[in-house]
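The listed protein sequences correspond, in order, to chains A and B.
Per our numbering, the first sequence starts with residue 22, numbered consecutively.
Per our numbering, the second sequence starts with residue 48, numbered consecutively.
Heads up, a few of these hints could be off.
What the hints assert, rightly or not - Using 30 Å as the maximum straight-line C-alpha spacing, the simulated DSS-like pairs for lysine-lysine come out as follows:
1. B/65 with A/100
2. A/23 with A/66
3. A/66 with B/66
4. B/66 with B/83
5. A/118 with B/66
6. A/100 with B/69
7. B/88 with A/66
8. B/83 with B/65
9. B/99 with A/100
10. B/65 with B/99
11. A/63 with B/65
12. B/88 with A/118
13. A/23 with B/87
14. B/83 with B/69
15. B/99 with B/69
16. A/23 with B/66
17. A/100 with B/66
18. B/87 with A/118
19. A/66 with A/100
20. B/88 with A/100
21. A/66 with B/83
22. B/83 with A/118
23. B/65 with B/88
24. B/65 with A/23
Don't read these hints as lab results, they were simulated from the structure.
Treat the numbers as computed from the prediction; the structure is a model and nothing was measured.
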Amino acid sequence: RKEVEQDPGPFNVPEGATVAFNCTYSNSASQSFFWYRQDCRKEPKLLMSVYSSGNEDGRFTAQLNRASQYISLLIRDSKLSDSATYLCVVTISSYDKVIFGPGTSLSVIP
Amino acid sequence: ETGVTQTPRHLVMGMTNKKSLKCEQHLGHNAMYWYKQSAKKPLELMFVYNFKEQTENNSVPSRFSPECPNSSHLFLHLHTLQPEDSALYLCASSHPLGAPGWDTQYFGPGTRLTVL
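Just chain B, with the same shape it has in the complex:
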């Protein structure tokens, strides 16, 4: 399935590195999301974009910086991360917020991040 793709699939980085996660959706959606999933914890919503505008920042530390240049692409820029940031980072997309079907989310395969 190639509806929502994420790269890289795996990433190991040091605490002083800067890296970026990329998400691309081919479903014609206009809302995109970043989630964090740590071991044995529920999905945590990080950011929401609707028509390229950020509508939600769920108290995420500034070392995570999202970017949404268009409705098909979403980035998560990472810098000076901590070991506790190690997790699976999932991107999702949906129809625009408030539109029919907005509440069904389609996920990418995730990026498994390890911070050393």
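The shape of chain A in the complex, shown without the other chains:
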């Protein structure tokens, strides 16, 4: 089983739609969780951290379910500029290990 799994997509959604991405991780010792965004032919950039209580940043909401080893990202009111690949990232502090998921591709269509 892969350490971090994501639905590769692509997700093609119209502007204004709400879209949700899921991510699962296999190591129960995972401690920190993040979503990164990677635009085409660019480097990954941190989008937001994910906390157990859930957190929101504008149109973006991240949720963590430790019991199910599941992370989600919800994007409301999608914009054309949201088109990118979204990477789920999990860290295991005891091993100083950062694990990137394969990414989910999103295309927001006019």
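Starting from the known structure of chain A, fit chain B onto it as the hints suggest.
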């Protein structure tokens, strides 16, 4: 943004060439990383340096040789590469391993490498 810079941005080389990739970070970090990103594959961690000491070599072939002369600079020396080594090579930096914030990585723009 100039937090992490990489040169060159594009590189085409033959299988018998020797070349080097350079990474420099201006964020005051003490951990630096090399990643490989091939088309339609997830990021693959290659090497990790913490305070100039290599802490991880993720079973990378010896034709890739990293060098970290100080906490701000990281090199990847390449020799006798194969066409399947063609990929985007990304450098990243972070706070020192184990320190608060170590798990947030800041990436450079990458070097797009083509091996003929």
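Structure-based check of all given hints:
With a C-alpha separation of about 44 Å, the suggested pair residue 65 of chain B and residue 100 of chain A falls outside the 30 Å cut-off, and the hint is violated. This hinted pair checks out: residue 23 of chain A and residue 66 of chain A have alpha carbons roughly 23 Å apart, not beyond 30 Å. Pair hint residue 66 of chain A plus residue 66 of chain B holds up; C-alpha atoms about 27 Å apart against a cutoff of 30 Å. In summary, the hint linking residue 66 of chain B to residue 83 of chain B is supported, as the alpha carbons are separated by about 16 Å, within the 30 Å threshold.
About 29 Å separates the Cα atoms of residue 118 of chain A and residue 66 of chain B, which keeps this hinted pair within 30 Å; it holds. For the proposed pair residue 100 of chain A and residue 69 of chain B, the alpha carbon gap of about 35 Å is over 30 Å, so the pair is violated. This hinted pair checks out: residue 88 of chain B and residue 66 of chain A have alpha carbons roughly 17 Å apart, not beyond 30 Å. This hinted pair checks out: residue 83 of chain B and residue 65 of chain B have alpha carbons roughly 18 Å apart, not beyond 30 Å.
Restraint check for residue 99 of chain B and residue 100 of chain A: not satisfied, since their Cα atoms lie roughly 42 Å apart, outside the 30 Å limit. With a CA separation close to 23 Å, the supplied pair residue 65 of chain B and residue 99 of chain B stays within the 30 Å bound. Using a Cα cut-off of 30 Å, the hinted pair residue 63 of chain A and residue 65 of chain B holds, with the two alpha carbons roughly 25 Å apart. With a CA separation close to 19 Å, the supplied pair residue 88 of chain B and residue 118 of chain A stays within the 30 Å bound.
Proposed proximity of residue 23 of chain A and residue 87 of chain B is supported: the alpha carbons are some 16 Å apart, at most 30 Å. Proposed proximity of residue 83 of chain B and residue 69 of chain B is supported: the alpha carbons are some 14 Å apart, at most 30 Å. As the CA atoms of residue 99 of chain B and residue 69 of chain B are separated by approximately 15 Å, the hinted pair is consistent with the 30 Å bound. A threshold of 30 Å between alpha carbons decides the hint, and for residue 23 of chain A with residue 66 of chain B the separation of about 33 Å lies outside it, so the pair is violated.
A hinted pair counts as satisfied when its Cα atoms are at most 30 Å apart, and residue 100 of chain A with residue 66 of chain B does not qualify at roughly 41 Å. A threshold of 30 Å between alpha carbons decides the hint, and for residue 87 of chain B with residue 118 of chain A the separation of about 22 Å falls inside it, so the pair holds. Distance restraint check for residue 66 of chain A and residue 100 of chain A: the Cα-Cα separation of roughly 18 Å lies within the 30 Å cut-off, and the hinted pair is therefore satisfied. The straight-line distance between the Cα atoms of residue 88 of chain B and residue 100 of chain A is roughly 26 Å, inside the 30 Å bound, and the hint therefore holds.
Annotation: proposed proximity of residue 66 of chain A to residue 83 of chain B holds, straight-line Cα distance about 16 Å (limit 30 Å). The hinted pair formed by residue 83 of chain B and residue 118 of chain A meets the criterion: a straight-line CA distance of about 16 Å does not exceed 30 Å. About 26 Å separates the Cα atoms of residue 65 of chain B and residue 88 of chain B, which keeps this hinted pair within 30 Å; it holds. The suggested pairing of residue 65 of chain B with residue 23 of chain A is violated, with an alpha-carbon distance near 34 Å, which exceeds 30 Å.
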